[in-house]
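Protein chains in written order, with my numbering: chain A, 1 to 212; chain B, 1 to 262.
Rather than coming from a laboratory, the hints here were simulated on the basis of the structure.
Some hints could be false.
[As the list claims (entries may be wrong)] Here are some chain B residues pointing at chain A (derived, C-beta under 7 Å): (1) ASN25; (2) GLN38; (3) SER39; (4) GLY43; (5) VAL48; (6) ALA56; (7) TYR64; (8) ALA136; (9) VAL141; (10) PHE142.
[Stated by the list, open to error] Here are the simulated DMTMM-like cross-link-like pairs (lysine to aspartate or glutamate), alpha carbons at most 20 Å apart as the crow flies: (11) LYS44/B to GLU117/A; (12) LYS249/B to ASP218/B; (13) LYS173/A to GLU149/A; (14) LYS48/A to GLU165/B; (15) LYS108/B to ASP218/B; (16) LYS92/A to ASP218/B; (17) LYS92/A to GLU64/A; (18) LYS249/B to ASP209/B; (19) LYS248/B to ASP231/B; (20) LYS165/A to ASP179/A; (21) LYS92/A to GLU165/B; (22) LYS126/A to GLU64/A; (23) LYS168/A to GLU131/A; (24) LYS160/B to ASP106/A; (25) LYS61/B to GLU64/A; (26) LYS141/A to GLU65/A; (27) LYS61/B to GLU65/A; (28) LYS168/A to ASP179/A.
[To be verified] Negatives, chain B to chain A, calculated, CB over 10 Å: (29) SER4; (30) GLU97; (31) ALA206; (32) ARG219; (33) VAL254.
We put the CB at the ideal spot given by N, CA and C, even for glycine.
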Amino acid sequence: MREEKSNHPLALEEENFSRRGFLKKLLLSIPLIGLIFSKKGYPFTLFKSPVGRNRLRPPGAVPEEIFAGKCIRCGRCAEVCPYRSIYMLDAKWGVWAGTPLIFVEDVPCYLCMKCVEVCPTGTLMKIKQEETRMGLAVINKRRCVSWLETALCRSCYNACPFKDKAVKLIELKPVIIDDYCTGCGLCVHACPINPKAIYVEPVYSFVRVKWK
Amino acid sequence: MRISTVRFWILSFAFLIILVNPFLNYYFHFTFIQGWYQSIAIGKLWFVSPLEGLEAILVSKTLYLPLIIAMLIPILVALFLGRVFCSWICPISFFSELMERGLSLFVKRRKDILVVPRWLLWFSLVGELLFSMIIAAPIFVFLSPPGLVGREIMMWVFFKRFAIEGVVVIVVMFLNLLTRRFFCRYLCPLGALLAFIGSKRRLRIAKDDNCVNCGVCDRSCPLGLNPSSGDFSHYCWNCGECIDTCPKKALSFVWLGTDRRC
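Produce the entire structure from the sequences given, and follow the hints as far as they go.
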């Protein structure tokens, strides 16, 4: 079997090639690997908004209706983010290439509001920390161990920056109060259940723009 | 010192800023300077590229005062000095310059293979703006080659990968092989807008009586203009290449209104 393989002309050629150009091939393939097997390699879209469950815009973002037009993709929000929460999309997301997005399961937003300060186009509007509405946290009561009463867990309550306002413990079960939830995703990041028992839904991203 | 030497140093320095800055931001959390030539902030001084800002205003149909103020300095520079961003700062210009310097070691004289009408530049600007408004997404802000250079460097430093649209930069570089500065000459909407703003610019190139019509300057012009016949129209980007090559020193920069020649 082995002899047969080595006598084959193609096998010889391949061996020759790999010896000669291995290093070159390796060097060339590094960026390509990054392109193909990227961490956030989601399917290709052209016009559909990338915002969805646990995929949120930074604080103060204008509605998705005008986001693509208003954002000039300067990347300054991603550069100033001290927690590296903000990710920049590429052309796989169609016209949304270069816009900032926060994948709260990986790194949530810590609401430092630095990105809001540097946005030059008003795509991220200047708002107060507690008025941020990136989304609304939702608890999956069929998965949350506190709600299932299998264990006593309050990870989301501990992680929440607005304890006892946005998340309340009622009879030791976490409850989200939508008047105060900023949708920062800290609770999602903290949830120990796999898959997560809490997620952030971007309910405010798809409202119609109000004309003043 | 020759103008082209100074210009090359400034181009290198401008590229160095966007090359080094993401490293400072990422590894040292030093965010005094942010962004690249789409929008750059030096401390609290903000600059926004005029076309990107204009597109953001037109497509989203909203006004935001800091954006307009940030566009002010680039617009004033273009108004008085013309399209100098393109020839003195733009990273694509830097790459093209490097490429041309490299190529000149092997090829003595290159001919422009593909020559198309110059008004294509205006068509590119208007078409790009209209198309952006139709699909409600600004094309040039995520496919602008000067911006993409900065974005790719930032993507590599921050996320250890390149964005796919970086292919545009490679295509632009390949077009350079066809015709010198093909993209800058005929296609760049930002260049078109800056040229439009600077059509009444004060800084111009003027020719004096020493000219013997040898035509050396015509061959040196990266945009394929004819300085020998006084062709310093809106398309000229004040790079000073013709001033350097003139053997009779007949060409020079003049400030309009202070010189009697124009």
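Going down the list of hints, with the structure as the test:
1. ASN25: holds (5 Å)
2. GLN38: holds (4 Å)
3. SER39: holds (4 Å)
4. GLY43: Violated. Min distance 11 Å.
5. VAL48: holds (5 Å)
6. ALA56: Status holds, d = 5 Å.
7. TYR64: Since chain A brings a Cβ to about 3 Å from TYR64/B, closer than 7 Å, the hint holds.
8. ALA136: Holds: closest Cβ of chain A sits about 6 Å from ALA136/B, inside 7 Å.
9. VAL141: With Cβ-Cβ at 5 Å, under 7 Å, it holds.
10. PHE142: holds (4 Å)
11. LYS44/B to GLU117/A: holds (10 Å)
12. LYS249/B to ASP218/B: holds (14 Å)
13. LYS173/A to GLU149/A: holds (9 Å)
14. LYS48/A to GLU165/B: holds (18 Å)
15. LYS108/B to ASP218/B: holds (16 Å)
16. LYS92/A to ASP218/B: violated (43 Å)
17. LYS92/A to GLU64/A: Answer holds: LYS92/A to GLU64/A is near 18 Å, not above 20 Å.
18. LYS249/B to ASP209/B: Measuring from Cα to Cα gives roughly 10 Å; hence the hint holds.
19. LYS248/B to ASP231/B: holds (18 Å)
20. LYS165/A to ASP179/A: holds (8 Å)
21. LYS92/A to GLU165/B: Between LYS92/A and GLU165/B the Cα gap is close to 9 Å, so the pair holds against 20 Å.
22. LYS126/A to GLU64/A: Holds, at roughly 17 Å.
23. LYS168/A to GLU131/A: Answer holds: LYS168/A to GLU131/A is near 18 Å, not above 20 Å.
24. LYS160/B to ASP106/A: Roughly 16 Å between the alpha carbons, so the hint for LYS160/B and ASP106/A holds.
25. LYS61/B to GLU64/A: Given pair LYS61/B, GLU64/A holds - Cα atoms ~14 Å apart, limit 20 Å.
26. LYS141/A to GLU65/A: violated (32 Å)
27. LYS61/B to GLU65/A: OK: LYS61/B and GLU65/A at ~11 Å, within 20 Å.
28. LYS168/A to ASP179/A: With Cα atoms ~12 Å apart, LYS168/A and ASP179/A stay inside 20 Å; holds.
29. SER4: holds (30 Å)
30. GLU97: Per Cβ check, GLU97/B is outside 10 Å of chain A; nearest 24 Å; holds.
31. ALA206: holds (37 Å)
32. ARG219: Per Cβ check, ARG219/B is outside 10 Å of chain A; nearest 37 Å; holds.
33. VAL254: Holds: least Cβ distance 35 Å, greater than 10 Å.
In this structure, the earlier hints numbered 4, 16, 26 are contradicted, and the remaining ones agree with it.
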